[in-house]
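Residue numbers (this note's numbering), protein chains in the order written: chain R, 2 to 233; chain P, 2 to 233; chain F, 243 to 592; chain D, 243 to 592; chain E, -9 to 240.
Calculated directly from the structure, the hints in this document are not laboratory data.
Some hints here could point you the wrong way.
[Stated by the list, open to error] Below 25 Å or equal to it, Euclidean Cα-Cα: the simulated BS3-like pairs (lysine-lysine) are: (1) K31(E) - K7(P); (2) K260(F) - K314(F); (3) K311(F) - K251(F); (4) K314(D) - K558(F); (5) K314(D) - K142(P); (6) K314(D) - K41(P); (7) K217(E) - K31(E); (8) K142(R) - K558(F).
[Stated by the list, open to error] Computed, partial: chain P to chain R, Cβ under 7 Å: (9) T55; (10) V59; (11) A116; (12) Q120; (13) L158; (14) A161; (15) Y167; (16) A185; (17) A189; (18) S211; (19) I214.
Remember, it's a predicted structure, so these values are computed and weren't measured experimentally.
No residue lacks a Cβ here, since even glycine has one placed at the ideal position from N, Cα and C.
Listed here are the chains, written in short residue letters.
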Amino acid sequence: MDEMLKTIDFSPLIISLKTGIVSTIIGFFLGIYAAYSVMKVSKRMKWVLDSIFTLPLVLPPTVSGFLLLMLFSLKRPLGKLLYFNFNIKFVQTWPGCVIAACVIAFPLMYRNTRAAFEQIDLTIIYAARTLGMPDFKIFWKVIMPMAAPGILSGTILTFARSIGEYGATSMLAGNILGKTQTIALAIALESASGRYNKAGFWVILILIVSFIIITVLNKVSSRYSVVGKRWR
Amino acid sequence: MDEMLKTIDFSPLIISLKTGIVSTIIGFFLGIYAAYSVMKVSKRMKWVLDSIFTLPLVLPPTVSGFLLLMLFSLKRPLGKLLYFNFNIKFVQTWPGCVIAACVIAFPLMYRNTRAAFEQIDLTIIYAARTLGMPDFKIFWKVIMPMAAPGILSGTILTFARSIGEYGATSMLAGNILGKTQTIALAIALESASGRYNKAGFWVILILIVSFIIITVLNKVSSRYSVVGKRWR
Amino acid sequence: MIVLEVDIKKKMGSFNLKVSFQSTCKCMGILGASGSGKSMILKCIAGIVEPDEGRIVLNGEVFFDSNDKINKSPQNRKVGYLFQNYALFPTMTVLENIKTGIKGNKEYKRELVKEQVRLFHLEGLEKRYPEQLSGGQQQRVALARIMAYRPQIIMLDEPFSAIDSFLKDILHKELLEILKNFNGNSILVSHSRDEVFKFCNSLTIMDEGRITVCGRTKDLFNNPLRVNAAKVTGCKNISKIRKVNNYELEALEWGVLLKTNQVITEKITHVGIRARHLLTVDQKKENTMKVDFLHYAESPFDVQYMFRNSMNDLTKEIWWITSKKQFHTILQDIPKYIQFPAERLMLLES
Amino acid sequence: MIVLEVDIKKKMGSFNLKVSFQSTCKCMGILGASGSGKSMILKCIAGIVEPDEGRIVLNGEVFFDSNDKINKSPQNRKVGYLFQNYALFPTMTVLENIKTGIKGNKEYKRELVKEQVRLFHLEGLEKRYPEQLSGGQQQRVALARIMAYRPQIIMLDEPFSAIDSFLKDILHKELLEILKNFNGNSILVSHSRDEVFKFCNSLTIMDEGRITVCGRTKDLFNNPLRVNAAKVTGCKNISKIRKVNNYELEALEWGVLLKTNQVITEKITHVGIRARHLLTVDQKKENTMKVDFLHYAESPFDVQYMFRNSMNDLTKEIWWITSKKQFHTILQDIPKYIQFPAERLMLLES
Amino acid sequence: KPDTEQTIEDKSNNNDMTDLNIFIGAGLKNSMEEIKLLYNKKNPAVNILFNADSSGKLQLQIEEGAECDLFFPASIDKMQALEEKGLIKNDSVINLLTNKVVLIKPKGEKTAVTGFETITKAKNIALAGEEVPIGEYSREIFKNLGIFDDVMHMEINQGANVTEVLTSVSEKSNEIGVVYATDAKIASKSVEIIATASEGLLDNPIIYPVGLVKKENADVKKTEAAKDFLQFLVSDEAVEIFEDFGFIKK
Ligand SMILES: Nc1ncnc2c1ncn2[C@@H]1O[C@H](COP(=O)(O)OP(=O)(O)OP(=O)(O)O)[C@@H](O)[C@H]1O
Ligand SMILES: Nc1ncnc2c1ncn2[C@@H]1O[C@H](COP(=O)(O)OP(=O)(O)OP(=O)(O)O)[C@@H](O)[C@H]1O
Ligand SMILES: [Mg+2]
Ligand SMILES: [Mg+2]
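Please model the complete structure; the sequences and the hints are all you need to start from.
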């Protein structure tokens, strides 16, 4: 065991954490924004957007990864454009990990948030309007705290999913030790190579990390929910 | 194209649908039950259960699949017990697909439902109690309709995830055409074999199926939400 | 002089709201049966419900105009609307709730909030969340929140329904003070006649989404003009009539002929008399009726008696209310005759 | 004879509830200032809030006993509790809401629901959802729901606060009828003195989580015994006293010496007199005070005058209420002296 | 003991159908499917069920007691591992096919790399994981060329399977990559071969062994069918199909 630890390069931990956190933050805002926009849209439009925003979850991650690659690969127009004009490259880079994780986890944030928004009593929002609160203030001070349980659920799921993401990431960002290899990729690789104790080590690590993050998120959000609800 | 269609065995579609629907149903009840139970538990216990129930999402699906295989393989105690005493076998069988999909998608149903429950006004539940409604009736007639948006969100995510599940399924149930090969597995296999148009065909099929199911779920649930909410 | 003009139509399911009024008075009262559309009018003015068509103008500022496609957002109307169910922010403390509407620097906010807390007797509850408050406390927080907002127009939807009578008296006084210093309109919806009478110079009476009467409060209490207005201003005795001649009618539901002081026009379909305005007499005179006593109910200072025409069992009950002072034991001296003084009869259109 | 015994303690944040009472009366009233714990008592009886310790027994059936660790679920208490904020099921129609509590076969349910709809004037609203109802309509649905449940004990928390006065009169009558036929207890929390007086034979008065007085309604209105009880029963004039001798006191806040009919015991700290019980006189007599007129307020049948001792500007205002009949224009004949009739003075403990 | 699995299938199929579970390396899928068609023409009573996946996963599944009659992985190690565990029928293993290792680049792209020797001139490289068979072979080649350490210091994109390596190169994510000749052939539209590794560069040739899996209380009919299918795989007809897909008969 000791022996093994010495041979392990811990970069996947760092990369996983970075990826998980950054893509959770992006997913958080994007998902909330999407949910907010969809709430303001007609019923038909709602249905269309809803279906589209749920897609990345329906497709096997590898397919999503493949489609992302088709979009961003340096052979394709968008990828070329981004690379040659703005020097932005997602293929085989860490930002690629983030993009992949974001796309895969986005539906979770979006749907959770929307469900939370739908459960909010409209009267309270109207009250905020008649009190002259500007829309952004209503959103952050009134709507968000009331939607806190759903938002928390979405955030945790998003984080969990993006930490565990393997298929799309390996497609888009590749699996480069020290650059794009996340814990999930390391686990996949190690177990594909039959090195179960190394894989096991990473599994345990990922679990610990997730426990910590989930606990932190729970703590943070409990500040926003008035009284911890418990049914008797 | 026509040529291709003729050579396609449509069994993955059927298997995917069956798997998706059955595991959504199982996940639905299991997730709701878990969420309901967690609502009644102390704060500390809540945190523990919460973390455990979120795990399957953190682990890369292959790892979850590996753990499932370790649990249910005919060489292991539980697998043996189930097989020899109850004649139940999950390895390389369709029920295996269902189990894999359920385990992977369960956190989605659980968390969404719990978030929805937390947003419910307790007074309403108390009112139901003082009116002498038995607990199960309160649950199905009062709590569930009020939690409808969250439940719907959870159900859709569960369905989407279980339809798209690849990693755990291939580990536990294998990738056997006509028996355990779902569309997601077919896509993975076809693209690994370089038959991109076949893979593409499956991708389109899975999208259509998901669109239909999501629409149906939306329709069904809209019966339970009083007025389609739209923010202006 | 601040003017509020409302002329709107709105259909909500089977309910049709169609009202039009102008108010220049400092505090306009709205009375109406439950479900007659009072809250709906306030919601339209506040911008929460969008009318199907019409116009709402406050002081020259167009809030809503279906022709010009103007529909100001609630934020830009600066309307203080006290929701009937308070609509407090459940995730904010009392202090935060009151603070939401205030514009200004920190110091100013703090001062204003403190003042409101004092004014509405909320000391000690500042850190509580709405669900930790009693009903009356919630209502006071909602009131404080509106008042701190310093709106152009104050609309109160049953502002004191959950507050005990002692505190209500105090708050009445304070609110009268506030409204006196407030240079804007206000609208009060209330089921309490006393409250309307105290606060409102002018009164609008609603029935099933329409305004039936509108006028000075005192005038309307004296002469409600319409059956529905008589009812909501508290007239307990109303009967259909048959006109006999210009100054005489038959109250069909009481079975009595009555002389009036006013001319009975063709439009008049009902006659009403307030329970307190009936007189008791010992013998038959003009406008009297021999009655049987049915039962009575007591309130701290009054007794309500219920009678029926002793000649006709099929007639409606008649209420008589009298101050208690005059009786020590209530069932002594039950009157045999009651008199409908001609000057108190209210001739009503339906 | 049905008996309700309550003896409980409950701490909620900074609020302490500690009450103990027995009620055998058909309808017990609870009066108390906003936030005094009225709703909390009802919640404890209904089983929604668990007391920290104590006992609740209805008719020999132990609902709660902290010693024996008994805590019946709300379902098994068969208590009909009308929530102050209605607590209607938002996802059910009016009909479904009313139906929830009914036990029995379909036919019976249908009949009972129909009857309730009629009784509470909800015709035409059967298919609506709560958010599509007006405030008063919601309150009536909640009432109908409780009544359809056929509980052992009915607890109403301000049941008519959102209902207009005309309908209120009708519902009062109907509810009185229902309660007469109902063979169980009921408890009424209300801020309306008239309502309490009409419905309740016995009255409990609360202050800051404690019961201060408890007794027959009429007795308490006549002689509230305590300052707080005097306040909530509507006594507007209360002053601290200094005892002069057994039958004489100095009302410190009014600045006047008063003779009493009752003996002034050592416990007495305040004196009170209802605004309606003051008399006006033209010259100085016993128990009179020369007053300055401050202002007045009008209600449909009464006028409220506010005076102050003309000898001393620092004293409290004194309210006088009188029926309007006696005056045509109000500001004529303002009295110079007011008299505190000795038989009307209420000696109060604090 | 009852075997529900069996009974369920017996109901769905004809009673005399025999199910044959064959675990094949993913790379063999296309060719095996054609062979299945051919075989079924002659033996319609045999219902062949493929489980096509990465060889390591298949090995694990068999170790865990998966229902498998014939194992056909992409590497001899996997077979040997199972043999050591006594899970393969003695003497049933046939080293059927070999494959070549090739160095590829995206079609039409320029690269300084001209062969395995000059591999380090590339900016980056797509390689399969260390113990994915093709990854193992690639490393062997580098070792034998004496450039292993240099390669390991390059930017390596480790694929968990060949498909990932292939996609990386065909989408130009990586400048070059190492795959099997058969894979390069499948993707010939988007990649081209720079060089093929000579046999001398590998310690052992690339072998696709096929063998019968040992089963307790085996069904005789099934065992016979498995044997028969194994025989068919060795036949010229089958080998021809393999060769169409770029494999070489051992
Ligand atoms: N969304 C809706 N759909 C249909 N009808 C509605 C809707 N909302 C309100 N109504 C109806 O509109 C009428 C007016 O409602 P409103 O709330 O204005 O009554 P109100 O005069 O304030 O009564 P209350 O004194 O009981 O509060 C009611 O009869 C109500 O049932
Ligand atoms: N969760 C809580 N935490 C702390 N204090 C609470 C909580 N819930 C209620 N209280 C306090 O308990 C007191 C009693 O509340 P209760 O609702 O019984 O008042 P009430 O007598 O019904 O008043 P009202 O007439 O205004 O409805 C109030 O002062 C309230 O602020
Ligand atoms: Mg209203
Ligand atoms: Mg209360």
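Now the hints, each set against the structure:
{"no.": "1", "hint": "K31(E) - K7(P)", "verdict": "holds (18 Å)"}
{"no.": "2", "hint": "K260(F) - K314(F)", "verdict": "holds (20 Å)"}
{"no.": "3", "hint": "K311(F) - K251(F)", "verdict": "holds (15 Å)"}
{"no.": "4", "hint": "K314(D) - K558(F)", "verdict": "violated (48 Å)"}
{"no.": "5", "hint": "K314(D) - K142(P)", "verdict": "holds (22 Å)"}
{"no.": "6", "hint": "K314(D) - K41(P)", "verdict": "holds (17 Å)"}
{"no.": "7", "hint": "K217(E) - K31(E)", "verdict": "holds (17 Å)"}
{"no.": "8", "hint": "K142(R) - K558(F)", "verdict": "violated (57 Å)"}
{"no.": "9", "hint": "T55", "verdict": "holds (6 Å)"}
{"no.": "10", "hint": "V59", "verdict": "holds (4 Å)"}
{"no.": "11", "hint": "A116", "verdict": "holds (4 Å)"}
{"no.": "12", "hint": "Q120", "verdict": "holds (5 Å)"}
{"no.": "13", "hint": "L158", "verdict": "holds (6 Å)"}
{"no.": "14", "hint": "A161", "verdict": "holds (4 Å)"}
{"no.": "15", "hint": "Y167", "verdict": "holds (4 Å)"}
{"no.": "16", "hint": "A185", "verdict": "holds (4 Å)"}
{"no.": "17", "hint": "A189", "verdict": "holds (6 Å)"}
{"no.": "18", "hint": "S211", "verdict": "holds (4 Å)"}
{"no.": "19", "hint": "I214", "verdict": "violated (9 Å)"}
Checked against the numbered hints above, the structure violates hints 4, 8, 19; every other hint is satisfied.
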